[in-house]
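Q: Spelled out from the first residue to the last, the chains are:
2 protein chains.
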Amino acid sequence: MSLDLPDSATVVEMLPRDGFQRLDEFVPTDEKVEIVDRLSATGVDEIEITSFTHPRAVPTLRDADEVAARVERRDGVTYRALVPNRVGMERAIDADVDKVNALVTVSETYSRKNQNMTVEEILGEIEAICELAADHSVEVEAGMGTSFYCPYEGRVPRDRTLDVVDRVVEAGVDEVTLATTMGLANPVQVAETFGAVFERHPDLDAGLHLHDTNGMSLANTLAAMECGVSRFDASVCGLGGGVVLPGEMSGVGNTPTEDLVHMLAAMGVDANADLGRVTDVARDVRDRLELSTASHVLAGGTVEGVLDAVAAGEGND
Amino acid sequence: MSLDLPDSATVVEMLPRDGFQRLDEFVPTDEKVEIVDRLSATGVDEIEITSFTHPRAVPTLRDADEVAARVERRDGVTYRALVPNRVGMERAIDADVDKVNALVTVSETYSRKNQNMTVEEILGEIEAICELAADHSVEVEAGMGTSFYCPYEGRVPRDRTLDVVDRVVEAGVDEVTLATTMGLANPVQVAETFGAVFERHPDLDAGLHLHDTNGMSLANTLAAMECGVSRFDASVCGLGGGVVLPGEMSGVGNTPTEDLVHMLAAMGVDANADLGRVTDVARDVRDRLELSTASHVLAGGTVEGVLDAVAAGEGND
Chain W
1 MSLDLPDSAT VVEMLPRDGF QRLDEFVPTD EKVEIVDRLS ATGVDEIEIT SFTHPRAVPT
61 LRDADEVAAR VERRDGVTYR ALVPNRVGME RAIDADVDKV NALVTVSETY SRKNQNMTVE
121 EILGEIEAIC ELAADHSVEV EAGMGTSFYC PYEGRVPRDR TLDVVDRVVE AGVDEVTLAT
181 TMGLANPVQV AETFGAVFER HPDLDAGLHL HDTNGMSLAN TLAAMECGVS RFDASVCGLG
241 GGVVLPGEMS GVGNTPTEDL VHMLAAMGVD ANADLGRVTD VARDVRDRLE LSTASHVLAG
301 GTVEGVLDAV AAGEGND
Chain R
1 MSLDLPDSAT VVEMLPRDGF QRLDEFVPTD EKVEIVDRLS ATGVDEIEIT SFTHPRAVPT
61 LRDADEVAAR VERRDGVTYR ALVPNRVGME RAIDADVDKV NALVTVSETY SRKNQNMTVE
121 EILGEIEAIC ELAADHSVEV EAGMGTSFYC PYEGRVPRDR TLDVVDRVVE AGVDEVTLAT
181 TMGLANPVQV AETFGAVFER HPDLDAGLHL HDTNGMSLAN TLAAMECGVS RFDASVCGLG
241 GGVVLPGEMS GVGNTPTEDL VHMLAAMGVD ANADLGRVTD VARDVRDRLE LSTASHVLAG
301 GTVEGVLDAV AAGEGND
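In the order they appear, the protein sequences are chains W and R.
Position one of the first sequence corresponds to residue 1 (the UniProt record's numbering), numbered consecutively onward.
Position one of the second sequence corresponds to residue 1 (the UniProt record's numbering), numbered consecutively onward.
Among these hints, one or two may not hold up.
Any copy, or any two copies together, can satisfy a pair, since identical chains are not distinguished.
Claimed, not checked - Derived lysine to any residue pairs resembling SDA-like cross-links, with alpha carbons at most 20 angstroms apart:
no.: 1; residue 1: K113; residue 2: S2
no.: 2; residue 1: K113; residue 2: A311
no.: 3; residue 1: K99; residue 2: M117
no.: 4; residue 1: K113; residue 2: R70
no.: 5; residue 1: K113; residue 2: P6
no.: 6; residue 1: K113; residue 2: I93
no.: 7; residue 1: K113; residue 2: E25
no.: 8; residue 1: K113; residue 2: G76
no.: 9; residue 1: K99; residue 2: D4
no.: 10; residue 1: K99; residue 2: E72
no.: 11; residue 1: K113; residue 2: T60
no.: 12; residue 1: K113; residue 2: A69
no.: 13; residue 1: K113; residue 2: E90
no.: 14; residue 1: K99; residue 2: G154
no.: 15; residue 1: K99; residue 2: P202
no.: 16; residue 1: K113; residue 2: G313
no.: 17; residue 1: K113; residue 2: R160
no.: 18; residue 1: K99; residue 2: Y152
no.: 19; residue 1: K113; residue 2: H201
no.: 20; residue 1: K113; residue 2: S137
no.: 21; residue 1: K99; residue 2: A69
Note that these hints are calculated values from the structure, not bench results.
Keep in mind it's a predicted model, so treat the numbers as computed, not measured.
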């Protein structure tokens, strides 16, 4: 049997926004710019470089305008930024990004707690964002937080998720990304949800934003690909995540880009991101930021890594 | 879209053999027996309780006969033991196990280094084991190490794996288990291999022995299930593994049973193993043996774990 997978996949790098936002410490702007520039040289298709949120809400990304102004714009790479509302959108337009991630959450409780707005209010902002985008040739992606689970409400009913998909499509977004914000989705839920999305919107550009709290994110990637999804958000070292868990899970958030790219490459699915270059950046980021990470690639969990370890007598067979 | 998965799955617990074998220290027999008895109360279908290998080859399992004699035989649970050759098989028969894992490796280099026999010699042993089994009503499973990757030879050609499947089926085994010994298999490779196996042997009871070096083991589980595979070997805490990697990967070996059972339960696939009870045993084993583990369930990566952490203010959303 061969799995029915897309021939190629688009990899979106979330570290500069989802990752840096999550850290307690402010990463100096020079360092952010340098890391984004290194990421854009890995072949990754798209990078979420920052968030145009109010500096008081996310102080670690208070340098959004400067980051956007200073990063190298490499041909073939899409530079995208998160915008929580129309004010953020205006800043994003001034900063000349290619695309914005217009964030909406499906869970009402999460929306109020995280964005201090109702889902209805956020959908109003997305309509305004889409109007501004049309005037300035900026693409809009709706990043749909808590599409599967909410940390307050538990499992999110699929119909709620589908309703929000309908609404953002109506508002005129170019693409939709369902986010496993809690990292708790499972492959059956992912397949059933994307199946229902494509039933209603057969031509929709729908992607999956990956978190890995339950360890099922690569299985979820596979399930999504079997539904025809070919665009995935990940973060080098896995840095990021909607909920940071205590203790041993502290290093687990997003799915490590290197682990995603590793699986795509192993399966023969074309991706522009180069595993070696992504791994080099991931290693550097881990060392600089002194991260604990759940990355399998960084830990040597590749064919080359294992053969090298065994040849060097480090592995104990 | 809904994934085409089996309605139910069989979970085989490998800790008492694959796990205890791997430890540097000898786990006292009393403790082994107690852990096996606790495992058999989790609902797990089958337990590999020990290995009838020469005590000099695997000193940590030198108490195989005593363990087999002392563990409680619970109705509905299959008690199986690894046997490397006909001498081990005779001990297994004396010990009255229900089933044996007749180990063979596909890679010639691995076979010589690990079992000090050629693949051909091992296949001869399996024929002898099957003859003894028939006389004593013991089931035989062929556990096929390095079915996908070898730590010395790299990727194992699929035809080699299929040849060995043919040979063990000819020898008369009741079931075959392909092992991702190196934890480097990917979902496409898994699907293509099982697809080819079932093409040649449509009614074969074929299972998958899971290791997780590359983090793809749950994706591999999904791919295998889509081919019709419904029997999986895992180990609580993930303890075990053909190659123990240095440094950060030291806690990664087999796929944690609790993570496997978690995914099955989340997907609505029936399994007799109870997630709560498996997790309790895993936590206890981790604490007693002071293991570092990559288990997502133990780290709180479940719906209940995350909701509890957030409610307690431990999670940072």
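Q: Each of the hints needs a verdict: does it hold here or not?
A: Results of checking the hints against the structure:
1. K113 / S2: Neither, since 44 angstroms and 33 angstroms both go past 20 angstroms.
2. K113 / A311: This pair counts as between: shortest inter-copy Cα distance 13 angstroms, intra-copy 52 angstroms.
3. K99 / M117: Neither. Shortest intra-copy (23 angstroms) and inter-copy (60 angstroms) distances fail the 20 angstroms Cα cut-off.
4. K113 / R70: neither (32 angstroms within a copy, 56 angstroms between copies)
5. K113 / P6: neither (37 angstroms within a copy, 40 angstroms between copies)
6. K113 / I93: neither (27 angstroms within a copy, 63 angstroms between copies)
7. K113 / E25: Neither: 22 angstroms inside a chain and 50 angstroms across chains, both beyond 20 angstroms.
8. K113 / G76: neither (37 angstroms within a copy, 49 angstroms between copies)
9. K99 / D4: For K99 and D4, the Cα distance exceeds 20 angstroms both inside one copy (30 angstroms) and across copies (36 angstroms).
10. K99 / E72: The answer is within: 16 angstroms in one copy meets 20 angstroms, while 63 angstroms across copies does not.
11. K113 / T60: within (19 angstroms within a copy, 53 angstroms between copies)
12. K113 / A69: neither (31 angstroms within a copy, 58 angstroms between copies)
13. K113 / E90: neither (24 angstroms within a copy, 65 angstroms between copies)
14. K99 / G154: Intra 31 angstroms, inter 42 angstroms, cutoff 20 angstroms: neither.
15. K99 / P202: neither (22 angstroms within a copy, 50 angstroms between copies)
16. K113 / G313: between (52 angstroms within a copy, 14 angstroms between copies)
17. K113 / R160: Classified as within: same-chain Cα gap 18 angstroms, cross-chain 57 angstroms, threshold 20 angstroms.
18. K99 / Y152: So K99 and Y152 fail the 20 angstroms test inside a copy (30 angstroms) and across (46 angstroms) alike.
19. K113 / H201: So K113 and H201 fail the 20 angstroms test inside a copy (30 angstroms) and across (56 angstroms) alike.
20. K113 / S137: neither (32 angstroms within a copy, 63 angstroms between copies)
21. K99 / A69: Within one copy only: 15 angstroms inside, 67 angstroms across.
Going through the hint list in order, the structure does not satisfy hints 1, 3, 4, 5, 6, 7, 8, 9, 12, 13, 14, 15, 18, 19, 20.
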